[in-house]
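Spelled out, the chains give:
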Amino acid sequence: MFGTRNGKNNNKATKPKETIKRIWNYLQEEKKPIIVVIIMVVLSTIISVLSPVLILIAIDEFIAQGQLQSLETLLILLAIVYFLTSLLNYLSGFLMVSVSERALYKLRRDLFNHLEKLSLKFFDKNKKGDLMSRFTNDITVISETLSDVVIQVINSVLILIGVGIIMFIINPLLALTTIITVPLFFFIVLKIGERVGRYYKDRQDVLGSLNAYAEERISGIEVVKSHGKEDESIEKFMVHNSRLKEASIRAQLYSSLIMPTNIAIGNITSILLISVGALLTINGKATVGSILAFLTYSKMFNRPVTQLATIYSSIQSAIAGAERIYDIIDHPIEVTDAKDAISINKIKGDVEFKNVNFGYLKEELVLKNFNLKVKSGEQIALVGPTGAGKTTIINLLSRFYDLNSGVITIDGKDISKIKIADLRKTTGIVLQDTHLFKGTVFDNIRYSKLDATLEEVIEACEKSQAHSFIRRLPDGYYSEVEEEGSNFSQGQRQLISIARAILADHEILILDEATSNVDTRTEIAIQKGMKKLMEGKTSFVIAHRLSTIEKSDKIIVINNGEIVESGKHAHLIDQKGFYYNLYKSQFDN
Amino acid sequence: MKALLQLTKYLKPYKKWTIIAPLLIILEVIMDLLLPTIMANIVNYGIGGNDPTYIIINIVLMISLSIVGIVGGLGSIYYASIASESAAADIRKDLFKKINSLSFFNFNTLKTGQLITIVTNDVSIIGNVIMLGLRFVLRVPIIIIGSIFMAIMISPTLSLILLFIIPILLITIYVIIKKAFPYFEKTQKSVDKVNTAVRENLGGIRVVKSFVMEDYEIEKFDQVNKNMMDVMIKAIRYLVLAMPVMMLFINIATVLVLWVGGKMAIIGTLKIGSIMAFIQYLTNILTSILMASMAIAVTTRSMVSAKRIDKIFSLKEDIKENENPLVVKKIKGKVEFQNVDFTYQEGMGDNVLRNINFVIEPGSNVALLGSTGSGKTTVASLIARFYDPISGVVLIDDINIKDYSIKTLRKNIGVVFQQASLFSDTIKNNIKYGNELATDKDIIKAAKIAEAHDFIMKRPNGYDDLVEQGATNLSGGQKQRLSLARAIAADFPILILDDTTSALDMETEKKIKNSLKKSIKNKTVFTITQRITTAIDSDIIIVLEDGEVSGIGNHESLIKNNPIYKSIYQSQVAKEVV
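Chains A and B, in that order, are what the protein sequence lines are. Take the first sequence: its letters are residues 1 to 589, numbered as in the working numbering. Take the second sequence: its letters are residues 1 to 578, numbered as in the working numbering.
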């Protein structure tokens, strides 16, 4: 469903009505300000439509007749009217900004909230960059449209009607002269607008592929350089670059056409008006003042025409953006609490997998008829070659995914019947890929237990061997962690995430290659802390280095999604089977 | 400003267009300037004097002038967009070239994301500014000056109104920009914060879920989200102010003209048609001033981009070739370090490498062993001349590495990194990246040595399967094996493997090691590792400790003579196997 982002019809809305209705719902929650805005826009439009009439009277009635007194009174009135228009325009814009920004806030909130609830399956399938771009690009497109649309549409339509009526009242012949160019004008602007939209989209696509290319070659620069392929990189870049140049010229060209077209059409209308007006005046069928008024009106009349034509295309892309956002919000949450989900609080830690079948894609089974019984307090090691299904087992235990068939129980209770939050609170995971958040080291460690004191945090860090390096940081526990922990080494990140798990004090503990990125000496130290942590707890340990799991209560050897052997280290070595060979290959030199 | 002006040199190849575009604009502007006067004449003399011939002549004149104007306008857009986008494309090209010529030293301080933003966004901004410049640089001043001139011609008295209204307008614009600017800086920050929050949650979704912190994250996001809304509202409210204020100025000026002009017309010192024309010129002047201030604002913002571009251009390329670099097709593979000292940042504590000396004969199998931070990777980087030593020399085949052409080094020394980068292309093309002449047989052979053949064959399209952007469709271990296969296919005389097998399980690693040993005989291979089991059966093991060579030899000699080696061995192996 999300794979079509680069498809050709990216900017075409598929169900515009529904989407507009949903966005309108966000706006509707602010009924009062919107009504006020509408009233103000109507008022200011009416006033601004009427003001040229005042000018007409000023010239034809007062200046031409030499009535200075009345002229001055009228001009004062005109000044007040102008002032009011500007004030109303400002106030309506002022109010509308809050309305639309609040709507955007809610849209972002709903999108984020839904994302947090989606299951890992969704994140496996969708790329981070694509999801990111919905937060940034798509919402920006909507925001650019949202704040203008309401005011501009009302304003444009009212001006068209109002000015039209007044023009016909003042002088039907001149009115016809003005309006005659409108269809042509509208058509041209609409066509140009469509092209601009299309060419910008083209340009965006080309820019996207240049971007992707540059990213790949720059982030892989060491490969490019170490193979001496800089020239080839540059050559290919130039192909993208010249395509971008052509697309940009086209986009620039058409988008800059709008202004001169406006001016040109304005001029044509003016010339027409003057010509017809002059002839009419000589024949006594028009006045100089009315020509002047019509010159103003023709400009007033043309502006909303342009506006409506351009709004049309921006609404189109805003709706397309909104649809992409609703794609996510409408995505069903796959892993949810069962209706009759039970709460669990303290558990013993018995775990059982009964006839479990599972695949990330339904048809490709990763675990096949998997059975495993673990007693509370046991330390289980999961061993096997890359891709055997070890990580999958622990993914299922935390219910990151639902099973194809079979049951997993904790203390005899089916985990799909337990509240997800309760389930995950009993199981602590330390992953191979550690993730730190922007914030202080302190905050990152107590992420698992928000009310932990500094003493508790330090205690956990001492156990995980993180204390000594944290202590040496410039600001100790209050040192800042940058985005994605980029200012810490992989090993340090892992120590922090181990401390996090220690602090959380779960009944069941899962360590997925938790010490793969620390050097051997540190690892030995961590092992000691881990041992203390695992005392009396059910634990699952995945490790490539078999030396770290020799003392486990039970070693489960997995290959191709099935258990091939299990038992204690000594027992498995005696068996001279799969485990024995794995072990031998690591130490036999 | 200086940075921006420097970039205008990119317009040089497009001189013709750069000059024609503004010239054509002048044509458009002059026509625009003449129209109101002609209109006034029609009203004053044609209608006033009841002279149809005069009217017709002038209408024909107006039509011809506007056609000339339209042609000028369109032409200038055409040439301006060609000139500006061509210049932008050239800047982009030079930037990418420059990035490719930078050394690893430079890349330590640059982030990929940043570089890409500069190549795409910043250059686009500059392109837009050039376009804007070509179109407005002459237009705005000519309109303003021309309109003022025409206005004075019509009525010097009325023109006094301009004297009054223009300064007030300028001050108002200045105040609004001044007030709004800080808010817009804040909006950028708030947008960044929202993006960071989203990115973090997307990246760490497993952590969030496993600690059941969804609600906490939602709460946290709500704060940055709300903050963004508040800041946005404040900033945009200034923007909303601009149009009404501008309109107020134009309208009030119109009222003033009608008042003063009306009085004059009543006395008879001014014709009614002239009032009309004057109002036109006045509107021209004021809108041009607004345009100019917007152009100035855009240009000011673009200076940040120009500065960023300039920063890349002015980076020093610190790995330089000699004037007559030595080009060698195939080197033999002897590597020697003589008293090499190195540091990444001079003046920052101890050197990373101190007094490194060793000689490696061609065809040797060498292990660089040491714990994190001992300098293993740095030694390898110096062999490939990613950096230059601060003192001492690195020799290859008894010739100073600095005497070779960079290309010779890159074609002869292969490095396989722990972080494997692959390109979005087929698996096959990825493997033959370093050797375009590689046959299918060579490719399969390389893949087999790297233990990649089996998993490649399991993929739907085998060797023709596509690697996605960022290789997201491959596991860490698969990526490492492909990047190893790529280096094997390239057939480098010197091969450096930097912890290349860290994501593989021990068994696969061992298989790779054995087949590597068998298949590549006369190559010098350096293996960087902290696992003693990986190093143990190498011909030569160089033990590094804290930036110094602590021992060189094979396993037997080191275990006897080198206490550090012995202790590593004991901590990693002896205890477990015995």
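Warning: the hint list may mix true and false statements.
Simulated crosslink set (EDC-like; lysine to aspartate or glutamate; CA at most 20 angstroms straight-line) [claimed, not checked]:
| no. | chain 1 | residue 1 | chain 2 | residue 2 |
| --- | --- | --- | --- | --- |
| 1 | A | Lys128 | B | Glu468 |
| 2 | B | Lys16 | A | Glu246 |
| 3 | B | Lys234 | A | Glu30 |
| 4 | B | Lys220 | A | Glu246 |
| 5 | B | Lys98 | A | Glu116 |
| 6 | A | Lys354 | A | Glu323 |
| 7 | B | Lys428 | B | Asp491 |
| 8 | A | Lys425 | B | Asp491 |
| 9 | B | Lys93 | A | Asp402 |
No lab work stands behind these hints: they were computed from the structure.
Hints and how they fare:
A threshold of 20 angstroms between alpha carbons decides the hint, and for Lys128/A with Glu468/B the separation of about 14 angstroms falls inside it, so the pair holds. Proposed proximity of Lys16/B and Glu246/A is supported: the alpha carbons are some 19 angstroms apart, at most 20 angstroms. Our distance criterion of 20 angstroms between C-alpha atoms is met by Lys234/B and Glu30/A, whose separation comes to about 18 angstroms. Restraint check: the Cα-Cα separation between Lys220/B and Glu246/A comes to about 44 angstroms, which exceeds 20 angstroms; the hinted pair is violated.
Taken as a hint, the Lys98/B and Glu116/A pair is broken in the structure, with Cα atoms around 41 angstroms apart against an allowance of 20 angstroms. The suggested pairing of Lys354/A with Glu323/A is violated, with an alpha-carbon distance near 42 angstroms, which exceeds 20 angstroms. Between Lys428/B and Asp491/B the alpha-carbon distance is near 16 angstroms, which keeps this suggested pair within the 20 angstroms criterion. A threshold of 20 angstroms between alpha carbons decides the hint, and for Lys425/A with Asp491/B the separation of about 53 angstroms lies outside it, so the pair is violated.
Between the alpha carbons of Lys93/B and Asp402/A the distance comes to roughly 50 angstroms, so the proposed pair goes past 20 angstroms and is violated.
Comparing the model with each numbered hint stated earlier shows that hints 4, 5, 6, 8 and 9 do not hold.
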